[in-house]
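> Turn these sequences into a full structure, and let the hints steer you where they fit.
What follows is each chain in one-letter form.
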Amino acid sequence: MFSYIKKSKEMGILLILIVISVIISLFNSSFLTIGNLLDVVKSNIVLGMMAMGMLLVLLTGGIDVSVASIVAAVTVIIGRFMVDVSSNIFLIFLVGCLSGSLMGMINGLLIAKLKIPPIVATLGTMSVIFGLMLYLTNGTWITGIPQNFIDFGQITVGTFSIPGSEKTMGIPIQFFFFVFAALLTWFMLKYTVIGRGIYAIGGNKESAERIGMNADKINIFIYTYEGFLIGLAAVVHTSIMRQVDPNAFIGFELQVIAAVVLGGASVLGGYGTVFGTILGVSLFCVINNGLILMHIPVYWQKIVVGIVLISSISFDVIQKRMKEKKNVRVDIDEEASVSSRRSGAAGKADTAKLEQKA
Amino acid sequence: MAQKMLLKMQNVSKTFPGVKALKDINIEIEYGEIHALIGENGAGKSTLIKILSGVYQPDEGAEIYIEGTLQDTITPLDSLKNGIAVIYQDFSLFPNLSVAENIAMALRVEKTSPMVSWKETNRVAKQALGKLGLKIPLSTTLAELSVAKQQLVAIARALVNDAKLIVMDEPTSSLSRSEVESLFSIIRNLKNQGISILFISHKLDELFAISDRFSILRDGKYIGTFSEDELDDDRLISLMVGRKIEYTVFKKRKIDDIIFEAKHLSKEGNFKDISFSLSRGEIVGLTGLVGAGRSELAQAIFGLDPFDSGELFLNGKQIQIDSPEHAVQNGISYIPENRLTEGLILKKPMDENICITILPKISDKRGLIIQEKKNQLVDTWINKMQIRPKIPQMIASKLSGGNQQRVVLSKWLATDPKILIVDEPTNGIDIGAKADIHKLLRNLAENGMGIIVISSELPEVLAIADRVLVMRRGRIAASFHGEDLTQEDIMNQAL
Amino acid sequence: MKKSKKSETGFGSKISIFSKINRLFHKLPLEKKEFVLLEIFIGIFLLMSIISPGRFLSWYNLQSMAYQFPEFGMLALAMMVVIITGGINLSITYNATLASIIGAVVLVKMNEMGAAPLLTVIIGVAVIILTSMACGALNGFIVAGIGITPMLATLGTMTLFEGISLNITKGGAISGFPLMFQWFGNSSVLGIPVPMLLFIIVIAATYFILQRSRFGAAVYMIGCNPRATRFSGINVRKTLFLLYIYSGLLTGIAGLVMASRYNSAKESYGYSYLLQSVAAAVLGGTEISGGFGKVFGTVVSVLILQVISSGLNIFGVNRFITDVVMGGILIIVLTINFVNNKREEKALITKKIVTA
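Chains as they are written, first to last, in the working numbering: chain D, 1 to 358; chain X, 1 to 495; chain E, 1 to 356.
Source of the hints: derived by calculation from the structure; they are not laboratory data.
Where hints are given, some of them may not hold.
To be verified - Okay, derived cross-link-like pairs now, PhoX-like style, lysine-lysine, Cα gap no bigger than 25 Å in a straight line:
| id | chain 1 | residue 1 | chain 2 | residue 2 |
| --- | --- | --- | --- | --- |
| 1 | D | Lys-205 | X | Lys-347 |
| 2 | X | Lys-23 | X | Lys-263 |
| 3 | X | Lys-149 | D | Lys-205 |
| 4 | X | Lys-164 | X | Lys-149 |
| 5 | X | Lys-111 | D | Lys-190 |
| 6 | D | Lys-325 | X | Lys-263 |
| 7 | X | Lys-111 | D | Lys-217 |
| 8 | D | Lys-115 | E | Lys-32 |
| 9 | X | Lys-398 | E | Lys-33 |
| 10 | X | Lys-111 | D | Lys-205 |
| 11 | E | Lys-33 | X | Lys-347 |
| 12 | E | Lys-32 | X | Lys-398 |
Unchecked claim - If you want the footprint, here are the derived chain D segments under chain E, 3+ residues with CB under 8 Å:
| id | stretch |
| --- | --- |
| 13 | 110-117 |
| 14 | 300-309 |
Cβ atoms here follow ideal geometry from the backbone N, Cα and C, with glycine treated the same way.
What follows is the structure in structure tokens.
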């Protein structure tokens, strides 16, 4: 059991998460209250959902820097849609998911069909999408969100009484969308051929193609699926914020990547899990929340996140190198006595053929 | 007749733009047969495998029968379905996935269901490993296994598809002796189960030890298929190369002018207590089985992977080598075995490749490269080594194997080394070029360079070395000197 | 050099002066790709001038461009040198602003204490440069020393630098520099804006370091194959470490110019240049997988992007549409490259068949 903990990356991250949580709650008793935890969860649902999509991309060894622009664009699209066209919640979700998927698919096509390196392709789409969106909105907020959508966003499930106050709180409905995204991604990765194919391509693309996998198809799928989750996240985000700020997500892509990497995913592909990503996102938001609760100036957050990011990856790399060093490459004869063995002409012709190359 | 044969290839040819890679190949493989496919580098072995596995399509007119049925076209998936499994040299496995998944992955792709059943995966994997009589925990991540075990996983994967024919491309190239033995017993076991093996190897002793029949290719042409008792070493080699290999055997010299000495070098898991010396103008052959620690020793001396304990002496003075930089400064050069990944920078032109080791020599005090000096040096080496074509801007990847080797040699000779370590200098180049390289090494030695030649090819070692060191399991097992040294003498120490 | 089809620019073939210029450029020692870039630049420049000679070609506009693009150019070069090694440096903009913020603190403190302006500026500039190099050294240590993938390493340091900057500025901007400090961003020498002058020096230095020195030769080789480079007796780690310091230094100079131009220091200055600098490097022919890329190409790409954004700005095109155009250009150029490569491959095959 202990060796499993030592071996598994996730357990390491969980351990760090627990240690940090304990430290924070020692300093501030309000950290481990239901109210605070629900707040933390609510404010990081979007990050969590987008991290699921980014996980898939990193698993294949790709990267997507356009996620922030896509989520922002979708919030604008559904914002306009619900204000100008229809406030039907089902239609809002449909529009959000479709537009997100479409933008994701464009990334997928550029990467799979035109063989543009992922970082460059998504850089291009990011620039185009952000530019178009800001041009069309002129950066102004969309307000006047229909009341039924606002009501939808305030649905909670269950009630928790908050000690020392009259108020009660419930689990916000948005949380279930995150659970849905995580479960769906987990299921897809674990129980579908395409999900295992994602790991296979990240592990060894050439081998995957040799056994008949279509890497291009899988790539297009991944970016489309990522776009779908982002679209969903955009609707969820709007239901929390009750307005649309086109500038809200600038720089968000790096937070998403950082959270997934903190969760143990490798940018070189092949390694990373949904559970790890959840832990990474949690670690990311617990650190942020803890710093706030500990009254450490908000500016320290970035420093702490930066240091945690660098040191956790360093630890990984150094550990790997130590392991490699210990690799036995030659089966050493420990008590060799030089040229005492088989000095006779044993074996003869047979052995002489050994290693002979033509 | 056709029923008896598992695989029958008739008139299989393959033309690439400008090259006829295969010409009228006719090979038949019986059920439960271990069939060796032999040929020099470039003889067309890998092209043939790729046709079998459906990666390439043969030219018009080829007929391939599998179990008596003529195949129209073969795609990679068809090939798998027909029971042909190819195990490439790199195994084509997934390092990040579990043993069970690696074994069952191909089966999943084949099935049309979009879902994965883990129960089925484990069952299939267990069954396949069982057929081989192996016990490897199913959940282990592949990257944690040794190379030999990974290979067994690759074989197990082949069995999953009910393989009737398993093609093994150089399966023993990175295995130790004992691992080869256990691989062979598994191969024989498969044979008893009625599975045929197409075995591709350079190592003649292994081929003789395991194969029932031998098919020989030369320059893309089919030479013939022979049974074991029709062949011996010499016959086989002459069929392969079309002539008997005769290296010019240089006269052995006894030189006692020690320039370099290693004392008690040890590195855990690599080699132990290595002591030897090298004289000015001497060629020392360093041989032994693959996995005996030869390259590891050389790379440690060159500072790539420094040794744990021991001392090095140059001209009687102790030297410290912690990095290749130090080694070069001390006049030690190492030419790695793998030209493509370690010797050359393939995407860059010839001139930059030649100059990379001597950048300080061709630049001024400010560190800027002096173009005239560079061009002059490059021209000198192109002429001296007779590199063709004589275009310094030629990208290294576009040169032929022999010329690539010459570029690598130039690159290192340009540093004017006192000690040159060459790892398998003639690996993968044609006979004519080999003789040139032998002559060159001899010339260099006669001009005072101390040379260590690491080679698995005993005739080569016997031809050019003044003295032979044999390594066995991380130690120097013997040191030979003399005219009448035979391959048998060396092998007795290497095993 | 090679005769490229000049009609490809479409627009050039109709103007006789252009074809003359074209012929002239063919005589320059440029590679085909670089030549195409130069043609695109001239084409766009002429196009802008023809559409709006009064405003685009005005002295005022040219001057203002000359003040604007050097900081972008320096950041793009800082990015390019790292991409050549097969890495990426996401920390460039925060590296620049952190250096300028720490320098700004020194400038403001000394200014308040009433130190001589010249001394203040000299020390302030020295602090900016040294800080930027120290940040670069940190990147170099993490990438070359520990061995972390550059993207993650610089993602971490980027967050770190931003955090330190924010901690110093508390989210605001630092200002109150001696007047003399404005020289770096707003003055000119013999009619040449100082930022431009600094950029020219940076271009020359980068050109010599990268393309003419033995250090640069090693850098390109590392980008192609670090293993073979190490086997060739080159200290790969040291080379990488020094290169990241150089990348940091370039961001420091860019930070200096920005702080001087805005007369203040803030962590978010120049943030939009981060991804644009990747775009400029890639447009200029730098290969994202490493080993290839030249100063000339990157500089011309910076000019192209600058001319487009200034031009569109002058025509009253919304600045966000400029972003769309930039992204579009990036994708289109890479698509053209892809199609060309395919075509070349095909041509090669048919040629082989013919010779056979």
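> Hints broken by the structure, by number, lowest first?
Hint 2 is the one this structure does not satisfy, whereas the remaining hints hold.
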